[in-house]
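Top to bottom, those sequences are chains A and B. Okay, so the first sequence: first residue is 667 according to our numbering, each after it adds one. Okay, so the second sequence: first residue is 667 according to our numbering, each after it adds one.
Since the hints were derived computationally from the structure, they do not count as laboratory data. A couple of the hints might just be wrong.
Identical chains share a label here; the pair holds if one copy fits it or two copies do between them.
In silico lysine to any residue, SDA-like type, Cα no more than 20 Å apart, as pairs [as the list claims (entries may be wrong)]:
#1 Lys-758 / Gly-748
#2 Lys-758 / Ala-958
#3 Lys-758 / Arg-776
#4 Lys-758 / Arg-896
#5 Lys-758 / Ala-1040
#6 Lys-758 / Arg-959
#7 Lys-758 / Gln-900
#8 Lys-758 / Met-924
#9 Lys-758 / Pro-899
#10 Lys-758 / Gly-783
#11 Lys-758 / Asp-893
#12 Lys-758 / Arg-694
#13 Lys-758 / Leu-689
#14 Lys-758 / Ala-769
#15 Lys-758 / Trp-852
#16 Lys-758 / Pro-781
#17 Lys-758 / Pro-976
#18 Lys-758 / Ala-968
These numbers were taken from a predicted model, which means no experiment stands behind them.
Protein chains: 2
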Amino acid sequence: MTRGAFRPRLLAPGPVEVPPAVLEALARPVEHHRSPAFVATFARARRRLADVMAVPGDDVLIVTGSGTAGFEAALATAVPRGGTVLALVGGKFGARWAAMAEALGHPVVRVSAPPGGDFDIAVVAERLRATADLAAVTVVHSETSTGVLHDVEAVAAVVRRERPEALVIVDAVTSLAAAELRPREWGLDAVVSGSQKGVMTPPGLAFVWLSERAWAPAVRPAAYYLDLRRERPQQARGQTAYTPAVSLVTGLDVALGMLLEEGPDAVRRRRAALNEALLAAGVALGMSRFAARPSPAVAALAVPAGVSAPDVVRAARARGATLAGGQDELAPTLLRPSLLGYADRYDAVAAAQLLEDALRDVVPATPVGVAVPAALRALDAMA
Amino acid sequence: MTRGAFRPRLLAPGPVEVPPAVLEALARPVEHHRSPAFVATFARARRRLADVMAVPGDDVLIVTGSGTAGFEAALATAVPRGGTVLALVGGKFGARWAAMAEALGHPVVRVSAPPGGDFDIAVVAERLRATADLAAVTVVHSETSTGVLHDVEAVAAVVRRERPEALVIVDAVTSLAAAELRPREWGLDAVVSGSQKGVMTPPGLAFVWLSERAWAPAVRPAAYYLDLRRERPQQARGQTAYTPAVSLVTGLDVALGMLLEEGPDAVRRRRAALNEALLAAGVALGMSRFAARPSPAVAALAVPAGVSAPDVVRAARARGATLAGGQDELAPTLLRPSLLGYADRYDAVAAAQLLEDALRDVVPATPVGVAVPAALRALDAMA
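So that you can see chain A by itself, here it is in the shape it has in the complex (with noise of 0.2 Å):
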């Protein structure tokens, strides 16, 4: 109890709250990574994570360091020098891998959104036909910014139907364990996640899934650390090139076995329910939904008009939780509650009760007890 009578909270979309198991894992004595208890955690952390990930025995990297350097893995690994990328941008994610391409010298061409809305394929499809020397498409699939769940998969169909040479990479920090994501049948060439979102694990790991065409020989990229050649053949005898973060892969390990244990399907039902109940309770607080296809990963909710989005966040605070807000220009009018992490149908109900209480604090004339029969209206609806 760091605040008052109230328990620290995460309301989040990452990191968000870990299991008591995987926190116990990450206390256990530091074992050497080459010893033979830690290459084989290593290597069932990989096939979990592959199981996981709906690519059943591939490989999967795992790379010590955000998902933003595991984007920067992908990026540099599987997209040829100077190569063209059209990049999908519908929130801040989006504008990041623009921008990163940029730096790592690719000619970049951007496709928007409206904020909280998906991408207009037709849009896509011209400037696919319109852009020279195109090496490959960047989308996220849940745009933490916006909350907006975008069609990775129309994306990649239009892309194949299009410029079947371009390699379509995906962002899937927060959508992974969340919503559904089919790398080989939806034709991806690049998935990339991190430990901290729909995995349970703290924050500190990146897992990069490439297409066997995406692994195909190129020139180098001018990288060392995040050139994932170099990883590969290290990581497929168990091994790491660079000593990891063997601490948090033990945890990520426990996680992966509670995740496989639920079942992914009924994992994504889970935090698809627990989602709905967010924005029902928002909604019956006289809030907006913001995404137009809600990712089930983050709960975009804007307040009402002449409401302060960081009050409420600072209400919230006081009562323990770290309630998300938005993101730059998006700070003044959104919440972004999320229950991503390690929670259930009552964590929804608390959750609730607590947006309620928060918008309460900063308007007193919040309606009182609407948020919970809301939240389990919604929660019984997808149950």
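Using the hints, position chain B against chain A.
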């Protein structure tokens, strides 16, 4: 107890034994990286790190990644694109930085040291004078593969004299909090270290200090995650550009507090004595010191003729210990025990006995009861 009646022990130069208080910190509920509580922890860890790195008050950046990521961040941020790098190669890590500089597009000139020896400063001076477009010199302080503590002060002095415009970039991954390093007084431009060595935290964090001239405006590198000019303004206000490994930072803060409480000078004296004890135990067992100028971070010992070092490593493993062997061409003959982590006089006694027992498992004629007395004599001589 995972193997018979022995408990696991790390006798390797990283990852090292981590104090229970640090492991406990890792198991705390994850804090959001933008929360006031974590921002305060991060800022304190950076201040403490600057003290431990002997650059009090300076900006030391914490990067989520291995020490290799940290070294690449230093090269990418500080060395102008295309400038020539003079790489001092005394072993595996020196060779890695030369290969990395080449991967980043720099022409590289190598100066070698003989196995187990230091660099010939006259040769370094000659190469400094002969190298056109020299931008930077890379040097490893404690070369973990050979156990040599390279004379970075002398290297920096000759660079300052012969080519004052060149940056001096130092790998202090295993030397931090073990050997004295004075970045300002010696005129260094970059110092890189990592969490899993002398600061006795699990792996996953790298630390980078740059001199003011290394930060001077330049063409941005063809890098994003490891371009520290993106990180510096964020970290100056307690934030990070990308989600950091919050659990590891929390543990690091605890570990740094312990090191500062003991006092950096006392920590270095303790580690030098423990390392001398390991070397003395090995010599008493018929092994020989491999390093002409031994690093206090690792005891490089060549096994007696006819003995297989990997056999001794396996015998130690059967007794619960991860005893580091030699790398690459030094694997058949070298052992590299280390007590760089959380270790005291009695850990040195235990390690000496374990070394003796493991050698006797391989060479039954190994004398009885010689290692511990030799270790104790070394400890007492350095008290």
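Right, here's what the structure says about each hint:
For the homomeric pair Lys-758 and Gly-748, neither the shortest alpha-carbon distance inside one copy (24 Å) nor that between copies (32 Å) is at most 20 Å. In this assembly of identical chains, the alpha carbons of Lys-758 and Ala-958 lie at most 20 Å apart only when taken from the same copy (17 Å versus 54 Å across copies). Proximity of Lys-758 to Arg-776 under the C-alpha cut-off of 20 Å is restricted to the intra-copy arrangement: shortest distance 13 Å within a copy versus 43 Å between copies. Taking CA atoms no more than 20 Å apart as the test, Lys-758 paired with Arg-896 passes between copies only; the shortest distance there is 16 Å, against 30 Å inside one copy.
In this assembly of identical chains, the alpha carbons of Lys-758 and Ala-1040 never lie at most 20 Å apart, being 30 Å within a copy and 62 Å across copies at closest. In this assembly of identical chains, Lys-758 and Arg-959 lie within 20 Å of each other by CA distance solely inside one copy; the values are 17 Å within and 52 Å between copies. Proximity of Lys-758 and Gln-900 under a CA criterion of 20 Å is satisfied inter-copy only: 17 Å between copies versus 34 Å inside one chain copy. Taking identical chains as interchangeable, the C-alpha atoms of Lys-758 and Met-924 are never at most 20 Å apart, the minima being 31 Å within one chain and 39 Å between chains.
In this assembly of identical chains, Lys-758 and Pro-899 lie within 20 Å of each other by CA distance solely across copies; the values are 19 Å between and 34 Å within a copy. Only within a single protomer do Lys-758 and Gly-783 lie at most 20 Å apart by alpha-carbon distance; the minimum there is 13 Å, versus 51 Å between protomers. When the C-alpha separation of Lys-758 and Asp-893 is checked against a cutoff of 20 Å, the pair qualifies only between copies, where the shortest distance is 19 Å, while the shortest distance within a copy is 25 Å. Taking the closest pair of Cα atoms, Lys-758 and Arg-694 never come within 20 Å of each other, the shortest separation being 37 Å inside a single copy and 30 Å across copies.
Proximity of Lys-758 to Leu-689 under the C-alpha cut-off of 20 Å is found in neither arrangement, the shortest distances being 30 Å within a copy and 35 Å between copies. For a Cα distance limit of 20 Å, the shortest separation of Lys-758 from Ala-769 inside one copy, 16 Å, qualifies, whereas the shortest one across copies, 30 Å, does not. For the identical chains of this complex, Lys-758 and Trp-852 are neighbours neither inside a copy (25 Å) nor across copies (43 Å), given an alpha-carbon limit of 20 Å. Taking the closest pair of Cα atoms, Lys-758 and Pro-781 come within 20 Å of each other only inside a single copy of the chain (11 Å); across copies the shortest separation is 51 Å, beyond that limit.
Taking CA atoms no more than 20 Å apart as the test, Lys-758 paired with Pro-976 passes inside one copy only; the shortest distance there is 18 Å, against 51 Å between copies. In this assembly of identical chains, the alpha carbons of Lys-758 and Ala-968 lie at most 20 Å apart only when taken from the same copy (17 Å versus 55 Å across copies).
Of the numbered hints given earlier, the model fails hints 1, 5, 8, 12, 13 and 15; all others are met.
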